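Student: Listed below are the residues making up each chain.
2 protein chains.
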Amino acid sequence: MKNKIYYRLIISVILLSSGHFSYAQVPLRQFEPIGFAQVQIDDSFWKPKIDKVATVTLQACINYTEYKTPRIRNFEIAAGKRKGKFEGIFYDDSDVYKALEAISYSIKNHHDSLLEQKADEWIDKIAAAQLKDGYINTYFTLNGLDKRWTDMSMHEDYNGGHLIEAAVAYYNATGKRKLLDVTIRFADHFDSLFGPGKRHWVTGHEELELALVKLYKTTNDSRYLKLANWLLEERGHGYAYGYTWTDWKDTAYAQDKTPVRDTKEITGHAVRAMYLYTGAADVASFTNDDGYVNAMKTVWDDVVNRNMYLTGGIGSSGNNEGFSVDYDLPNEQAYCETCASVGMVLWNQRMNLLTGESKYIDVLERSLYNGALDGLSLSGDHFFYGNPLASTGKNARREWFGTACCPANIARLVASLGNYIYAKNDTAIWVNLFVGSKTSAKIGRSTINVEQQTNYPWDGNIKIHMDPDKKTKFALHVRIPGWASGKPVPGDLYHFINYSDKKISLYINGKEAPYTNDKGYAIINHEWKKGDIVELNLPMDVEKIAAKETVTADSGRIALQRGPLVYCVEGVDNNGHALNILLPDNATFTSSFEKDLLNGVTVIKTEAPVITVSNDGLSVTTTNKTITAIPYYAWCNRGSNDMEVWLPTKIKNVRLNY
Amino acid sequence: MKNKIYYRLIISVILLSSGHFSYAQVPLRQFEPIGFAQVQIDDSFWKPKIDKVATVTLQACINYTEYKTPRIRNFEIAAGKRKGKFEGIFYDDSDVYKALEAISYSIKNHHDSLLEQKADEWIDKIAAAQLKDGYINTYFTLNGLDKRWTDMSMHEDYNGGHLIEAAVAYYNATGKRKLLDVTIRFADHFDSLFGPGKRHWVTGHEELELALVKLYKTTNDSRYLKLANWLLEERGHGYAYGYTWTDWKDTAYAQDKTPVRDTKEITGHAVRAMYLYTGAADVASFTNDDGYVNAMKTVWDDVVNRNMYLTGGIGSSGNNEGFSVDYDLPNEQAYCETCASVGMVLWNQRMNLLTGESKYIDVLERSLYNGALDGLSLSGDHFFYGNPLASTGKNARREWFGTACCPANIARLVASLGNYIYAKNDTAIWVNLFVGSKTSAKIGRSTINVEQQTNYPWDGNIKIHMDPDKKTKFALHVRIPGWASGKPVPGDLYHFINYSDKKISLYINGKEAPYTNDKGYAIINHEWKKGDIVELNLPMDVEKIAAKETVTADSGRIALQRGPLVYCVEGVDNNGHALNILLPDNATFTSSFEKDLLNGVTVIKTEAPVITVSNDGLSVTTTNKTITAIPYYAWCNRGSNDMEVWLPTKIKNVRLNY
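Heads up: the sequence lines are chains B and E, in that order.
The opening residue of the first sequence carries number 31 in my numbering; numbering runs sequentially from there.
The opening residue of the second sequence carries number 31 in my numbering; numbering runs sequentially from there.
With the rest of the complex left out, here is chain B (with noise of 0.2 Å):
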């Protein structure tokens, strides 16, 4: 094992330092993601939601980004076009580009030329306020340019980084090069000041690693993808400067106090590690790198094991938004940033393409439905920047926030949903969500059309049509969600209580298939025809999750879930409370769907001891009453109150007008 590794870092070195990289070993990638262009989603739950994105967030985005915020004038006033001064925070040019992104997505899945003259407009405005050199970032030219890459906390690079993400996404969407080559400029620039020999540079705030591999995958030019490996390779060394804020905070904040390869254990601010293991992982799948991917696992195994929610939400701690102590996750101060549940998508893809294992798209699935979506209102135009698992009704859906990141983010990860449902490799495909959409895909001659009809989350059948244009012999993988077989998430932070084995069953044009187990794939190897549909069926039963003790935060309390969604009570439902209820052990559950309710949901309900106030407010009683939860994505949608996800199931302590 060790040889191999030892034999594969030599392979890379030579490859990196000679400036080419070529496939001759076996890549790690097990499989590439059917890319969301060629995803056509028609599915109930998700359609409306891109749908809303399209014409509600992304309007919304736009209003602030241009009207109601400076970001736009920043970059007027930048090219010498407008008079003024910078306003804003220095990071703020990165909500332009991630609004561009999204953008980029929707008129992709559904052109808008309306949409795509607004984003020729900025894109116009971003390109004259780009200095000669290919420097580009409107607070320091206006600030002053003796400044710029002196303070590696200035987010210059993540800035350049979801530039270049932009770039990418709206070149592929329109054909258009402007922003590409503008964003190429910038890279040669960012080039040209740092990599060996030159000087040193970690990024501050992760992103411009894993948008380098976007470049160069676009580009075909191996010099970005050897400067993102050059970027993970500099962390933990000691050579971060400027910080002039930051410097009392512990390297670990930006995860620069190790080198990437040795990193144990996740640390610091959840976003930044997020996109900096994405990188990681995507740079290691070009330089088959596998002392990445074996960090990359490590800290994946931190992660589930002792620092994440039952929300897929990460980053306990508002302090540093991200990371406390193992197993710090308290309910009602959890921070759970909308942007760390994306980048918990974005980094899960990545491992499952790297490892073929269904556990990640497990945990992806579990971040994108709960943690994630959470964060988008069902209007579409408000949002959570934090995503706590308990409210006393302090929270409230916002319109925009100071500091941007979220809306945006939720938004881009909407619009590209269909990334995340089918892979393929040369002799399979991959089923990993359970989508309502078509797909097709080239298996040697044959082209496959999928299609995937289901009324996922609420209901656990499946169909999936498989249409080669010839007979063809390939397997085709559908995940087994580690939830519909006895385990809510991968590792031991939680786990199902009073679990009995379910049936889950997969048939063939109406008879059960034959099928083998791997990774979490039932892979089911046919000769496919015109016609042919595979019926997966997953139970959807209302489970009890408690997690393990040394969480203390939810000690002696339960969980609902439901298929892959995590359930709430909200005090809207409830008589206006939710943080006076029990969940016995013995509780029994009943489930429906309730099509007005909350754009429609599965309600599920139970009876339970609830504690009563008396009428004159001197006393309290314990009564029997019913109970209704739902999911959490859809909380606070309906005004400000309390919500509970854990509930206990015995009564330890009271407390009086919290």
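Everything labelled a hint here was simulated from the structure, so no lab data went into it.
Small disclaimer: the values here were computed from a predicted structure and weren't measured.
Be aware that a few hints might be false.
Since the list gives no way to pick out one identical chain from another, each pair is judged satisfied if it fits inside one copy or across any two copies.
[What the hints assert, rightly or not] Mimicking EDC-like on lysine to aspartate or glutamate, the simulated pairs with C-alpha atoms at most 20 Å apart in a straight line are:
no., residue 1, residue 2
1, Lys468, Asp548
2, Lys680, Asp81
3, Lys541, Asp320
4, Lys424, Glu362
5, Lys287, Glu117
6, Lys424, Asp356
7, Lys541, Asp456
8, Lys138, Asp358
9, Lys77, Asp626
10, Lys680, Asp646
11, Lys682, Asp646
12, Lys98, Glu565
13, Lys424, Glu579
The hints should help you fit chain E onto chain B, whose structure is shown.
Tutor: What follows is chain E alone, placed relative to chain B:
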């Protein structure tokens, strides 16, 4: 009135620009404090705390400043006497200075040659780290002098201010000039760079202003007073520069949004605000600048009417360590930094001196006995940084902090308590605080020995022995606390409920004393002779307090106060819980001194409904129990546990397993 202000301003401007100050006008200050060096404290409440600071707290400060953190080492490295690089935070020098200041006060109270030796040793190291041009700051000396004085958020001014305070204190305590000379060189260096016609400077963390006034008083060099005045005038004009990281913060954060003299409300970081206002009051006391005095009065009204906790703590929000919006005074989340309460003592004393109004001492006393004193453990070696008014048991006193401003700040306050007890002018003596102590004062040609004997705050009887060396006619002003006459605090934020007028009695030599009332003082005009005894009796009933309705955090709740002390209910005295207790409107109270509890405290007891959990943990009942309340400052000295200051009178809602 306006003409008068104008006249005074003109005079001030002339005086300032001519470089001369005089007391030609009627000084604004009504009287001057009698300094702690002239006050011997033998109080049963305070003397043990002062001794504890001298023997334990200062050792903790030395231990952490010199041995457990690299604060002293930074000076050695900056002086070139040791190899290494700067470690810690850029404002860490200030902790060394503040510890030196506390040591100075302590050795002046009670000589301790070992402490003085330690101070001399530190001073040698500090002096060695000063640059030839007078600059001193280990962070910039070791991280690049090219960056000094370029970023106002980097605390060079703040560190310098604490250096001055330490030097003045040590000079006054020992007569040794070495640190004072360092200080003068530093102040002259600053003066050479900044001021009218030179560069602008807005102190990023105010402190230098009040320190420069101290330096002026010590050296009689009016340049320092002019500089302090100029620093005040710099604020609010957009002159700030640097602020790399804090750009995004509103200028209100550092009170730089409006000119000081136009300030109408308190904003931003609480400690910064307190030090600014103290400095403004100090400058005004010499320049007779009504503009500052009136602004300070307006801000003070804003504090006591809208932004102060019952404990005298201020700064409710941890986000900015300061103020959010009016009436936002959450109890569990209260930040209430110890340093801000220390600042309240400093500022309110100045306001009392400028106006002669005892209401400022009412606030000073409240902050001192509650919000500030809570910052110091009974053992003297554990500290609170924040001082919340409710706890679910998550709070713990700590040995030290990363940002370690609070320990030395509470140490220097307690060590210099004598500063706040007495004041005088040529014709009168003021008794502001009731503390067993002796002092003497010159009135005309007479020396008046004054001695207080009291068991305050446990007991309302205060005997004041007046011993003039010869019969002398003058006025004795004895403060009648607002809380003793129906007003728990100035303003309308809090009020007594069910209050009935109590008798305040004042005797001379056993006979009812004739006195007049003015500005909150009982004024006894008398020809004093040896052996005269004034006896004040303040009512020491348990009072119930309610907050104004706009303070939603206290809505439907009452707090208990006895004398100047705010009380709280702590779990350890009440079967482990405090948040399950009701305090109905008709509750009655008893109080008793318990000498073995918490170094001796008066406790309050009452019968009250308590929510009790059934043995099986599945239901709750309401039962009457005896509840014990202790003084707020003494909580959390028996481990972490529940605590609540504001108890509900009725149950509105219930939270299980908080």
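Student: Each of the hints needs a verdict: does it hold here or not?
Tutor: Structure-based check of all given hints:
1. Taking the shortest Cα distances, Lys468 and Asp548 never come within 20 Å of each other, neither inside one copy (25 Å) nor across copies (86 Å).
2. When the C-alpha separation of Lys680 and Asp81 is checked against a cutoff of 20 Å, the pair qualifies neither within a copy, at 43 Å, nor between copies, at 48 Å.
3. Taking the shortest alpha-carbon separations for Lys541 and Asp320, neither the intra-copy value of 42 Å nor the inter-copy value of 93 Å comes in at or below 20 Å.
4. In this assembly of identical chains, the alpha carbons of Lys424 and Glu362 lie at most 20 Å apart whether taken from the same copy (10 Å) or from different copies (14 Å).
5. Only between protomers do Lys287 and Glu117 lie at most 20 Å apart by alpha-carbon distance; the minimum there is 16 Å, versus 33 Å within a single protomer.
6. Only between protomers do Lys424 and Asp356 lie at most 20 Å apart by alpha-carbon distance; the minimum there is 17 Å, versus 27 Å within a single protomer.
7. Taking identical chains as interchangeable, the C-alpha atoms of Lys541 and Asp456 are never at most 20 Å apart, the minima being 27 Å within one chain and 107 Å between chains.
8. Taking CA atoms no more than 20 Å apart as the test, Lys138 paired with Asp358 passes in neither setting, with 41 Å inside one copy and 47 Å between copies.
9. Taking identical chains as interchangeable, the C-alpha atoms of Lys77 and Asp626 lie at most 20 Å apart only when both belong to the same chain, with a minimum of 17 Å there against 70 Å between chains.
10. Taking the closest pair of Cα atoms, Lys680 and Asp646 come within 20 Å of each other only across two copies (8 Å); inside a single copy the shortest separation is 26 Å, beyond that limit.
11. For the identical chains of this complex, Lys682 and Asp646 are inter-copy neighbours only, at 10 Å across copies versus 25 Å inside a copy, given an alpha-carbon limit of 20 Å.
12. In this assembly of identical chains, the alpha carbons of Lys98 and Glu565 never lie at most 20 Å apart, being 49 Å within a copy and 66 Å across copies at closest.
13. In this assembly of identical chains, Lys424 and Glu579 lie within 20 Å of each other by CA distance solely across copies; the values are 18 Å between and 28 Å within a copy.
Comparing the model with each earlier hint shows violations of hints 1, 2, 3, 7, 8, 12; every other hint is respected.
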